[in-house]
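As given, the protein sequences belong to chains B and Z, one line each in that order. Counting with the working numbering, you get residues 10 to 215 for the letters of the first sequence. Counting with the working numbering, you get residues 10 to 215 for the letters of the second sequence.
Don't read these hints as lab results, they were simulated from the structure. No false leads were mixed into what you were given.
All copies of an identical chain are treated as equivalent in the list; a pair is satisfied when it fits inside any one copy or across any two copies.
Below 25 Å or equal to it, Euclidean Cα-Cα: the simulated SDA-like pairs (lysine to any residue) are:
id	residue 1	residue 2
1	153	175
2	196	120
3	164	179
4	138	213
5	153	176
6	11	192
7	153	182
8	138	120
9	28	42
10	138	182
11	138	174
12	164	182
13	56	167
14	158	180
15	28	192
16	28	212
17	28	211
Number of protein chains: 2
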Amino acid sequence: MKIITISREFGSGGRELGKRLSDVLGFDYYDKEIITGIAKNTGMDEKYLDQMLDTHGWRNIPMMYHHSFAGMAMPVNQTEIMMEQKNVIEQIAKAGKDCIIVGRNADILLEEYHPFTMFVCADMESKIKRCLERAPEGENHTPKEMERKIHQIDKNRARTREIISDSEWGAASSYNITVNTSGWEIKELVPSVAAFAQCWFEHTQK
Amino acid sequence: MKIITISREFGSGGRELGKRLSDVLGFDYYDKEIITGIAKNTGMDEKYLDQMLDTHGWRNIPMMYHHSFAGMAMPVNQTEIMMEQKNVIEQIAKAGKDCIIVGRNADILLEEYHPFTMFVCADMESKIKRCLERAPEGENHTPKEMERKIHQIDKNRARTREIISDSEWGAASSYNITVNTSGWEIKELVPSVAAFAQCWFEHTQK
Chain B
10 MKIITISREF GSGGRELGKR LSDVLGFDYY DKEIITGIAK NTGMDEKYLD QMLDTHGWRN
70 IPMMYHHSFA GMAMPVNQTE IMMEQKNVIE QIAKAGKDCI IVGRNADILL EEYHPFTMFV
130 CADMESKIKR CLERAPEGEN HTPKEMERKI HQIDKNRART REIISDSEWG AASSYNITVN
190 TSGWEIKELV PSVAAFAQCW FEHTQK
Chain Z
10 MKIITISREF GSGGRELGKR LSDVLGFDYY DKEIITGIAK NTGMDEKYLD QMLDTHGWRN
70 IPMMYHHSFA GMAMPVNQTE IMMEQKNVIE QIAKAGKDCI IVGRNADILL EEYHPFTMFV
130 CADMESKIKR CLERAPEGEN HTPKEMERKI HQIDKNRART REIISDSEWG AASSYNITVN
190 TSGWEIKELV PSVAAFAQCW FEHTQK
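Given these sequences and hints, build the entire structure.
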């Protein structure tokens with residue numbers, strides 16, 4: 010089984026790279042699907058969960074309630090959500106199919122499966138440009154506001170990783186390769202990354 | 010013409026990766042050859058020049074003397090050496106042959122040629138291990154001493170880059186890809202990197 014994990018700076022195009030890579034390689038793709046899994050297992054609202062995990066970071070998720078089978082409101086704390094996320098990611102690995110998992114510290118959680126671990130970055134200018142172009146309707150951030158948002162989300166990602174690992178979020182020595190998307194269309198980079206990954210699995214399986 | 014530049018942390022195996030890559034791809038390889046070129050053009054001693062550039066960094070090269078055609082001692086300052094290095098690297102590019110250039114900020118100096126730029130890193134433990142295994146006879150550093158040496162050399166590399174560029178030495182967003190060699194034999198990584206580079210030149214030439 011081959012697992013590729015993609016960690017990424019917000020706005021770097023890591024998600025698009027993962028999706029396109031999964032198409033080229035014929036791997037399963039997991040991203041928001043993990044949230045769906047957690048929502049299903051906990052009974053929590055998917056959209057709320059997504060927003061909480063992405064925007065507020067682990068330490069800052071307020072106490073949440075979900076509905077038990079019996080319809081009773083039950084408190085869910087941060088640790089339980091993280092544990093559930095871990096469960097969902099481990100279930101994906103245990104299914105034994107080649108897959109790409111974007112975000113959620115899957116590289117750490119699945120260390121024993123020896124995933125090919127990738128980090129995707131870009132310079133701030135490229136990230137702001139990308140985020141503004143792809144902003145959902147109604148969101149009208151200035152470039153400066155977008156920069157703050159990018160910093161905030163990445164800070165939370167770094168903090169969440171810190172809790173479960175010694176390896177630093179975003180440091181090149183924490184991943185097998187780091188790809189810089191600055192100045193490129195993601196689709197231009199896909200063949201190179203796919204070629205690297207394919208060779209990686211052929212030549213480095215220990 | 011295809012140019013690959015490799016910047017690297019001391020002890021990461023970047024030089025070996027470059028050499029092996031040049032064998033696989035059939036590219037010319039430039040590393041110490043650049044020093045030979047400078048020595049030839051300035052009349053300075055090659056070994057001394059190498060040591061000065063590698064160990065002391067740009068700011069700290071003491072005033073040096075070379076012998077003019079007439080046999081007179083002539084002062085050579087740091088800027089002149091850097092200019093000569095720039096000349097030698099530009100001559101390599103102008104020759105128009107596919108090549109790999111290791112170190113010496115070739116990625117910055119040859120920006121207009123759109124090189125594929127790579128950074129090679131590793132965690133400190135791997136770098137110390139590698140350096141100790143490859144230490145020349147008579148050099149008996151303790152791991153702690155080797156760590157200091159690695160820090161010192163990399164600090165000088167970072168400083169030298171700072172002088173000629175805004176892009177930060179070692180930051181993943183300063184290069185197209187960053188490869189982490191920790192825990193791997195360099196030869197295991199060569200096929201993946203070669204595949205990436207080949208695809209890169211096929212798909213991203215603008």
